[in-house]
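Peer 1: Protein sequence lines, in the order shown, are assigned to chains A and B.
Note that our numbering numbers the first sequence so that position 281 is 281, with each residue one more than the last.
Note that our numbering numbers the second sequence so that position 163 is 163, with each residue one more than the last.
Please note that the accuracy of each hint is not assured.
Simulated pairs of lysine-lysine, DSS-like, Cα-Cα distance not exceeding 25 Å [what the hints assert, rightly or not]: (1) B:K57 / A:K366; (2) A:K36 / B:K57; (3) A:K411 / B:K55; (4) B:K57 / A:K359.
Bear in mind the hints are in silico, worked out from the structure with no lab data behind them.
None of the values given here were measured: they were computed from a predicted structure.
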Amino acid sequence: MKIKSLMIANRGEIAIRICHTAKKMGIKTYGIKTSKEPNAYYLSFPDEIIDFSDDIEDIPEFLDVERLINAAKAHKIEAIHPGYGFLAESPYFANRCEEEKILFIGPSADIIHKMGNKTIAKQLAKKYNVPLLKGSQGNVKNPEEARKIAKSIGYPVILKAAAGGGGRGMRIVEKDDQLEKMFRLATSEAEKAFNDGSVFIEKYVRNPRHIEFQVFGDQHGNYIHLGERECSVQRKHQKLLEEAPSSALDEKLRTEMGEAAIRIAQSVKYYTAGTVEFLLDQDRNYYFMEMNTRIQVEHPVTELVTGLDLIELQILTALGEKLPIGQSDIKLTGWAIECRINAEDVQAGFSPFLGTIEKIQYPKSKNIRIDSGITDKSVVTPYFDSMVAKLIVTGEDREKAIANTFNALQKFWVKGIKTTIPFHKAVLSNEKFKKGDFNTSFIETEMESLFYQGGDDEMLGAFLATFDFLATLETEDSRTVDFEKGRNISPWVLNKRLK
Amino acid sequence: MKNIQHKETEFIALTPKNTRYKIKNLFTDSLKINHKKLDIQIFDDENGFTYLLYKNKKYHAEIIEKNQNKYIVLINGVSYTFTIETPFSYQRKKYLDKQKPKNKVEVVQAPMPGKIIDVLVEPGAEVKTGEAVIILEAMKMQNEIVSPVDGKIVKVYVRQNDIVNKDDLFLEIAR
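Chain A with its partners taken away, still in its complex shape (with noise of 0.2 Å):
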């Protein structure tokens, strides 16, 4: 099967990442276009653009599901795909696209379905032989219920939206007397963020490491994986910098942890691409933790080591094609790092940062990607995440990668807002990052502090100050300019006289 046509339900740098792709294989795509932000970049890049800025609807337009249906429908669009967040891992979205035989490109509904409730995840974990975590059979109703399991798998353990992700409806219970509070806390999360209260609970390992393998499957029973990449650099379950592959698997652990998220993928004869996460505790044991049923922020990575273009597998197997390659075709070969460039104020604990990038300046080099949505001028707006980058970085290995990221680091510039760049550098240069000894306590627990700072970096900050107060000064002392003598010129017009 074949398909002309091609409606992106989203927006940003994942918009134009399908764009790049969908045009490689000739697919005309078409991008929405929202009031929130007419003028944004990705814009620029579809075939064509759907107009949903007039804002008839109160619901936002990338969830609203009968307005991309009708749109898909008025354009003869054959295929919507739908990006990461949004209606990326909604069953009822998928199953309303096989109602109007459009082409979603993702999984079955009832797959989604499957995977996005962790409760019916874990029996099929469970029934397929991967290891999980202690907790409860379903669903926990009340405090009480939560409050008896608790004690006989014994603290801390965490409670967890059944429909949750990203970390949204997760609250950890260290003691007893904390569980009433945080269970209120989690439902109400939970209920709010996913129009579902229920969760459940399971152990809480401590400072674990976030390994998560990329599968792929087909709708004529083929099953491989990309193998593994490294996402233990999280602050509240959000994560901020990943690698591939990762330095705690050997490769007897990653061909172990593969098979099993391939049994994962086919306890529900899972098609397109999908993401098995697991944790992995201090003795190197797995624990299956949840599938993603939609393509990863963080896929570049896993692209750079394979050589493979991810979204194109996602497409064609959506579309019913035999995955073109097996699992001896995969050969994972140097190291990559992406680092989540967000526009955030890593010295107010990561609150983020509004306002209009004046200008970005991109590192280039061979080894340097830069997936984007955003350009000089655009606007970091409060009604999407604060993305400005996602900066994907090779070398032959990890200290090679390490390195060539923190110079493509100091390269980046932007201006008009503050970026999480200091925070990159600062866990590049970290003693433990660069020896690959850190898990998901490494920001809270390993780092002096979150932002790099070079020797001279204040008294650099000092001089410009004072530079510019007293420019400032200098042209308010006196309103006759004298160029000839070059007295009261701005100091800056003056220096670049003087250049």
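Chain A is fixed; fit chain B onto it per the hints.
Peer 2: Showing chain B alone in chain A's frame:
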């Protein structure tokens, strides 16, 4: 007041932690910072970025806030806060700081824009350092705002479902 000889004046850039940078002979070839002769140059490049050149290294530099003698600048993306003083104004500031009574009321402000999900305390309540006082939802995450001190709640400025901006007042706590 025309043509004050600033070039010969010493300035002090003072950080909030009271680190002092004494800067002398700006705009001349004999710039001195903390009595050391230094060569720092400032450039605007063709792409609209400002950078400092020091010891053959480029430092991306930007002024993000200024208000009279108060500055927030970025060096390689990290912000630094300074007040610029003359030796005279610095002496006066030191004197005035000594006179100031110690502030015994701690204010809690919004660390980021968001929505108040829950206010967990009322005026009069005793709180401990690290105790959650407000649940703030921002960027789809619920964040616990904790008390920075041991004390008693004096005033609560927000209610459930309020939308707040960064630095909006949440509450006052008397130590």
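Peer 1: Let me make sure I understand: some of the numbered hints might not hold for this structure. Which ones are they, in numerical order?
Peer 2: 2
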